[in-house]
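Fit chain G to the supplied structure of chain V, relying on the hints for placement.
What follows is each chain in one-letter form.
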Amino acid sequence: MTKQNKKELVVSAIENGTVIDHIPVDTVLMVLSILGLDKYEDEVLIGNNLNSKKYGKKGIIKARNKFFEQEDINKIALVAPNATLIVIRDYEVVEKKFVEIPKKIEKILKCINPNCITNKETIETKFNVIEEKPLKIQCHYCEKTMTNIRFAE
Amino acid sequence: MNLKGKNLISITDYSKEEYLDILRLAAEFEKNPKQEILRDKVVASIFFEPSTRTRLSFESAASMLGAKVIGFSNPSATSQSKGESLHDTIKMLSSYVDIIVMRHSIEGAARYAAEVASVPFINAGDGANQHPTQCMLDLYSILKTQGTLENLNIALVGDLKYGRTVHSLVQAMSNFNATFHLVSPNELKLPSSVKMHIKDANLKYEQYTNLEDVIPFADIIYMTRIQRERFSDPLEYEKVKDSYILDSAMLKGCKETMRILHPLPRVNEIATDVDKTPYAYYFQQARNGVYVRQALMAAILGVK
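From first to last, the protein sequence lines are chains V and G.
The working numbering applies: residue 1 is where the first sequence begins, and numbers increase by one.
The working numbering applies: residue 1 is where the second sequence begins, and numbers increase by one.
Chain V extracted, bound-state conformation (with noise of 0.2 Å):
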C-alpha cells in the first residue's frame, strides 16, 4: 500500500451509505444529531480537523446504509451550509447533493423571545426563513423576527 492509499484510508471506504463532506470543524457533533445518527445503529464513522483545500480544516461523516431525503439534508443548513452529501453504492459515488436553507425550520431552534409560548409550554418550535442571506428568521408563534439563531438543548 503506498503513502497515498494510507492517507486515503484515514476513514474508511463504505460499501452503501453518504459521506457528508466540508463540515464546519466545529458543528460535525450538531450535524450528527439534527440527522439522527448519533442514535444509528449501523456503522457511522466520524472524522474531523481533516486538511481541506477549500475550508482549511474540515469535518466528514460517514453513514453505513444510511441515505437521505433532501428535506433531511436542509435540516443542516443552518449548522453546515456549505455540506456536501455523497451518495455511494458499490463503492462508487451515485450522486452529490447539496443543502438549501428550508422555508420552514423545525424542532432545531429556540426562540429568542423569553416571553414566547414555546419558552413555556413543551411545544416543538417552527420557524419561517424570511432572508436567507443573511439569514433572517420569523418565530412561526409569537411572530419575533431574528438574525441571531439559537439551538435547542
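Think of the hints as simulated: they come from the structure by calculation, not from any bench.
The structure presented is a predicted model; accordingly, all values stated were derived computationally and were not measured.
Yeah, the Cβ is synthetic: ideal placement off N, Cα and C, and Gly gets one too.
Among the clues, some could well be false.
[Unchecked claim] As a list, the in silico DSSO-like pairs of lysine-lysine whose alpha-carbon atoms are at most 30 Å apart:
id, chain 1, residue 1, chain 2, residue 2
1, V, Lys-136, G, Lys-82
2, V, Lys-110, G, Lys-6
3, G, Lys-195, G, Lys-241
4, V, Lys-144, G, Lys-189
5, V, Lys-103, G, Lys-82
6, V, Lys-136, G, Lys-6
7, G, Lys-241, V, Lys-104
8, V, Lys-54, V, Lys-75
9, G, Lys-82, V, Lys-126
10, G, Lys-6, G, Lys-68
11, G, Lys-161, V, Lys-136
12, G, Lys-161, V, Lys-120
13, V, Lys-104, G, Lys-195
14, V, Lys-75, V, Lys-53
15, V, Lys-126, G, Lys-16
16, G, Lys-91, V, Lys-144
17, G, Lys-195, V, Lys-136
18, V, Lys-136, G, Lys-199
19, V, Lys-104, G, Lys-161
20, V, Lys-144, V, Lys-54
21, V, Lys-103, V, Lys-39
22, V, Lys-103, G, Lys-6
23, G, Lys-199, V, Lys-126
[Unchecked claim] Sample of chain V residues at the chain G side, in silico, Cβ under 10 Å:
id, residue
24, Ser-52
25, Tyr-55
26, Asn-115
27, Ile-117
28, Lys-120
29, Glu-121
30, Thr-122
31, Leu-135
[Stated by the list, open to error] For each label pair, taking beta carbons as the anchor points, the in silico distance ranges come out as:
id, chain 1, residue 1, chain 2, residue 2, range
32, G, Gly-83, V, Lys-107, 36 to 44 Å
33, G, Pro-234, V, Asn-49, 49 to 57 Å
34, V, Asn-51, G, Tyr-208, 41 to 49 Å
35, G, Met-1, V, Lys-136, 33 to 41 Å
36, V, Glu-71, G, Phe-72, 38 to 46 Å
37, G, Arg-230, V, Leu-29, 17 to 25 Å
38, V, Glu-131, G, Gln-227, 25 to 33 Å
39, G, Asn-74, V, Lys-120, 18 to 26 Å
Chain G in isolation, oriented as in the chain V frame:
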C-alpha cells in the same frame, strides 16, 4: 364571503379583500346590531389577563347576536392556577363551545391554542404580539370617518416602538397606499421590522419629533400612550413624557375631515378639551369594536 372556520390570530391571516368583507359586514351590524343569528351558538370568552374594553366588547357583540357566552376573566379561578397547561385547557374547552375568543399574556399563545383547538379561534391579544380585532376596528373607524381607506395621510404619535396596535395598523394600512407620518421621541421610533412593511409596499413615510408638524395635513391622527416602564433611564422618560399632549388649541388649521383615534386607555396624551371637538373619534372608535366583532364572529361561524 367565505370566512367560515377561518381563525383570526394575526393581521396577516386575512387578505385585503377579507378585511373589506368584514368591514362591509360590520356596517350592516351597525345599522342593525341586535339580530338573533347566533342563538344556538356558544362563545368561549377566556381572558388570561385583565381587559375591560376588548372583553366587554366581545361579550356584548356575542350577546346582541343571541349567543351564549361562557368563560372567565380571572385565570386564578381556573385550573391553570392548578398547573394545567394551555394545551389541556383549550382541548377541553373545544368540546364545550362553537368558537373561542382568547386573550393571553404570552406571545404566540394564540397561534398555539388555535392549533390545539378543534373549533374556530379569535385572538383577542397575545402579549406584545398581535391584537387583530383592534386593528380591524381601527380600519373600520378610518373607513367610516374618511369614506375610504385608500391614499390617506396617517399620523402615528407616541410610543411607536412598543405599541402593538401601531405595528398592526401600519401593516394593514400598507395595503391601502397610505402615507405614514411617524411622530415619536427618538427612543420610541418605529422598529425597522415594521418599517419593512411600508418599504415592501413601496409607500412613503416621514419621521418627526414634533406633533404640531403633522397636524395641518393628517387625515388621521392616531395617538398612543407613552409608557413609563419602557424607559431604562427615568430622566429620559421625564424628558419626553409630556411631549405629545394634544389639546384643542393645537388643532387650529387641521383638515376639517381629520379625526383623532386612540386605542385607549388614555392617560394625559389627549387633553379632555379635545373630547368636545368634532375631531375626537376615540369613543366612537371603541363602540365600533362591537360591530366589527359581531361581523367577525358571524362570518367565522358561517352565519353571514
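Structure-based check of each hint:
1. Lys-136(V) / Lys-82(G): At roughly 38 Å apart (the allowed maximum being 30 Å), Lys-82(G) and Lys-136(V) break the hint.
2. Lys-110(V) / Lys-6(G): holds, 28 Å
3. Lys-195(G) / Lys-241(G): holds, 24 Å
4. Lys-144(V) / Lys-189(G): Status holds; Cα separation ~18 Å.
5. Lys-103(V) / Lys-82(G): violated, 39 Å
6. Lys-136(V) / Lys-6(G): Holds, because 28 Å separates the two Cα atoms, which is no more than 30 Å.
7. Lys-241(G) / Lys-104(V): The hint is violated at about 42 Å.
8. Lys-54(V) / Lys-75(V): holds, 23 Å
9. Lys-82(G) / Lys-126(V): holds, 28 Å
10. Lys-6(G) / Lys-68(G): It holds: about 21 Å lies between the C-alpha atoms, which stays within 30 Å.
11. Lys-161(G) / Lys-136(V): holds, 20 Å
12. Lys-161(G) / Lys-120(V): holds, 25 Å
13. Lys-104(V) / Lys-195(G): holds, 24 Å
14. Lys-75(V) / Lys-53(V): The given pair, whose Cα atoms are some 25 Å apart, holds under the 30 Å limit.
15. Lys-126(V) / Lys-16(G): holds, 26 Å
16. Lys-91(G) / Lys-144(V): Status holds; Cα separation ~26 Å.
17. Lys-195(G) / Lys-136(V): Measuring from Cα to Cα gives roughly 16 Å; hence the hint holds.
18. Lys-136(V) / Lys-199(G): holds, 17 Å
19. Lys-104(V) / Lys-161(G): holds, 28 Å
20. Lys-144(V) / Lys-54(V): With Cα atoms ~36 Å apart, Lys-144(V) and Lys-54(V) exceed 30 Å; violated.
21. Lys-103(V) / Lys-39(V): holds, 26 Å
22. Lys-103(V) / Lys-6(G): holds, 23 Å
23. Lys-199(G) / Lys-126(V): With a Cα-Cα distance of about 26 Å, the restraint between Lys-199(G) and Lys-126(V) holds, given a limit of 30 Å.
24. Ser-52: Since the shortest Cβ distance to chain G is 37 Å, the answer is violated.
25. Tyr-55: violated, 33 Å
26. Asn-115: holds, 5 Å
27. Ile-117: holds, 4 Å
28. Lys-120: Given a least distance of 6 Å, the restraint on Lys-120(V) holds.
29. Glu-121: Holds, about 6 Å.
30. Thr-122: Since the shortest Cβ distance to chain G is 8 Å, the answer is holds.
31. Leu-135: violated, 15 Å
32. Gly-83(G) / Lys-107(V): 36 to 44 Å: The hint (36 to 44 Å, Cβ to Cβ) is violated, given that Gly-83(G) and Lys-107(V) are roughly 25 Å apart.
33. Pro-234(G) / Asn-49(V): 49 to 57 Å: Given range 49 to 57 Å: holds, Cβ gap about 53 Å.
34. Asn-51(V) / Tyr-208(G): 41 to 49 Å: violated, 59 Å
35. Met-1(G) / Lys-136(V): 33 to 41 Å: holds, 35 Å
36. Glu-71(V) / Phe-72(G): 38 to 46 Å: Distance hint for Glu-71(V), Phe-72(G) holds at roughly 42 Å.
37. Arg-230(G) / Leu-29(V): 17 to 25 Å: violated, 41 Å
38. Glu-131(V) / Gln-227(G): 25 to 33 Å: holds, 31 Å
39. Asn-74(G) / Lys-120(V): 18 to 26 Å: holds, 20 Å
Figure legend: structure checked against the earlier numbered hints; hints not met, in rising order: 1, 5, 7, 20, 24, 25, 31, 32, 34 and 37.
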